[in-house]
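Engineer: One-letter residues, chain by chain:
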Amino acid sequence: MFGNEFYIDPERCIGCQSCINACAECDTHRGTPMITVDYLDRRNSIATVPAICMHCDDPTCAEVCPADAIKKGEDGVVQSALKPRCVACSNCVLACPFGIPKVMTKLELMMKCDMCYDRTSVGKRPMCATVCPSQALAYVPPERIARERRETPTNVFQFGNETVTTKVYMMVPRGVTAVEVDVVDYMWEGAGA
Amino acid sequence: MKRFGDGRGVEPLWREEVSIHAADERYVSRRQFAKFLVLTSLGMFAGNLWILVKSWFAKKPVYPVQPVARLGEVPVGGVRLFNYPGPHDPCILVRTAETEAVAYSQKCTHLSCAVYYSHENGRIECPCHEGYFSVETGRVLQGPPQRPLPRVVLRQDGDRLVAIGMKLDPEEVRRA
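Residue numbers (the numbering used here), protein chains in the order written: chain A, 1095 to 1287; chain B, 1490 to 1665.
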């Protein structure tokens, strides 16, 4: 959209939570941030990673929605659930490989990051990317990322045999082409820690 | 044909009908439906208004005076076909009695089949869907037609029968 792409660089995240507060200021969902900042290994590290919707090319959340409430636009943005249709069944919450959708039980509605559609659809940057002081969240043209960063972007994620490609890019070390996620291994380590 | 990501097979129909892509959305929204209703009823209203205004300015049709037959030429119970008021409007004349003759449009009011006079049953019959009309008044006796046959008004000039107009008796219309 307007030549910009979304890049996440967990290495740059300092856990300041500016993005959360900026997101909560948006008029379309005032007071409820659609972004979270997760601690990767709280006991041993202060490392954090911002979690926004990756806008999958083949969005699992929309595939599993029984109410046909999650739609993907032609621009590749996977929209938040449609209020008249969502039945708050949490299928999308369980299905999303990145753990993005959240069901608001009081509203009986799933809400997730829609890449600030009101802003990005008219050429503005998403709220979180405008405030991120370390540009761990960057909404810039690809040329600029290639010029300014040491890491390379990738939008391929490998979950076991399942390959997920996304609209949002993750910055990875040079030479890495896909982010391999060993979910079982991570769960085991998490349980033992 | 698109396939599942894991190669499970051909896409089922429901995936096409309940697509995750916003562009494939085929539901009619409430607003679209309301708009359709309002616009079509507005169109209907305008059309009816137009018909009403047109009928105000419509001229009364002028029928020609046209000799049809001599009474002696048609035997009692016999018929004669003619065209009235135009050359492409078939009509049927029936001599019902020594001194009486009636004439109707030959087009059945159901689907415009040509009606004929059945002397043994004493009625005008349409062969297509068995619509029967009274030979005295032209009103529907049975069958699918809803309106009576338009009647040709005849005048007797000596032994000549002259058509002078067409008549759709409103009372007959109501009864039919």
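No lab work stands behind these hints: they were computed from the structure.
A couple of the hints might just be wrong.
[Stated by the list, open to error] The following label-pair restraints were derived from C-beta to C-beta distances:
id : chain 1 : residue 1 : chain 2 : residue 2 : range
1  : A       : 1198      : B       : 1510      : 21 to 29 Å
2  : B       : 1525      : A       : 1109      : 20 to 28 Å
3  : B       : 1514      : A       : 1181      : 13 to 21 Å
4  : A       : 1248      : B       : 1513      : 43 to 51 Å
5  : A       : 1169      : B       : 1500      : 20 to 28 Å
6  : A       : 1245      : B       : 1503      : 40 to 48 Å
7  : B       : 1510      : A       : 1181      : 18 to 26 Å
8  : A       : 1198      : B       : 1515      : 24 to 32 Å
9  : A       : 1279      : B       : 1514      : 34 to 42 Å
10 : B       : 1522      : A       : 1242      : 50 to 58 Å
11 : B       : 1522      : A       : 1248      : 41 to 49 Å
12 : B       : 1515      : A       : 1224      : 55 to 63 Å
Virtual Cβ for every residue (Gly too), placed ideally from N, Cα, C.
Engineer: Each of the hints needs a verdict: does it hold here or not?
Structural biologist: Cross-check of the supplied hints:
1. 1198/A with 1510/B: 21 to 29 Å: With a Cβ separation near 25 Å, residue 1198/A and residue 1510/B satisfy 21 to 29 Å, so the hint holds.
2. 1525/B with 1109/A: 20 to 28 Å: Check failed, 53 Å falls outside 20 to 28 Å.
3. 1514/B with 1181/A: 13 to 21 Å: holds (18 Å)
4. 1248/A with 1513/B: 43 to 51 Å: Violated, at about 29 Å.
5. 1169/A with 1500/B: 20 to 28 Å: holds (23 Å)
6. 1245/A with 1503/B: 40 to 48 Å: At 42 Å between Cβs, range holds.
7. 1510/B with 1181/A: 18 to 26 Å: Holds, since residue 1510/B and residue 1181/A (Cβ atoms, about 21 Å apart) stay within the stated range.
8. 1198/A with 1515/B: 24 to 32 Å: holds (28 Å)
9. 1279/A with 1514/B: 34 to 42 Å: holds (40 Å)
10. 1522/B with 1242/A: 50 to 58 Å: About 51 Å separates the Cβ atoms of residue 1522/B and residue 1242/A, which means 50 to 58 Å holds.
11. 1522/B with 1248/A: 41 to 49 Å: holds (45 Å)
12. 1515/B with 1224/A: 55 to 63 Å: violated (37 Å)
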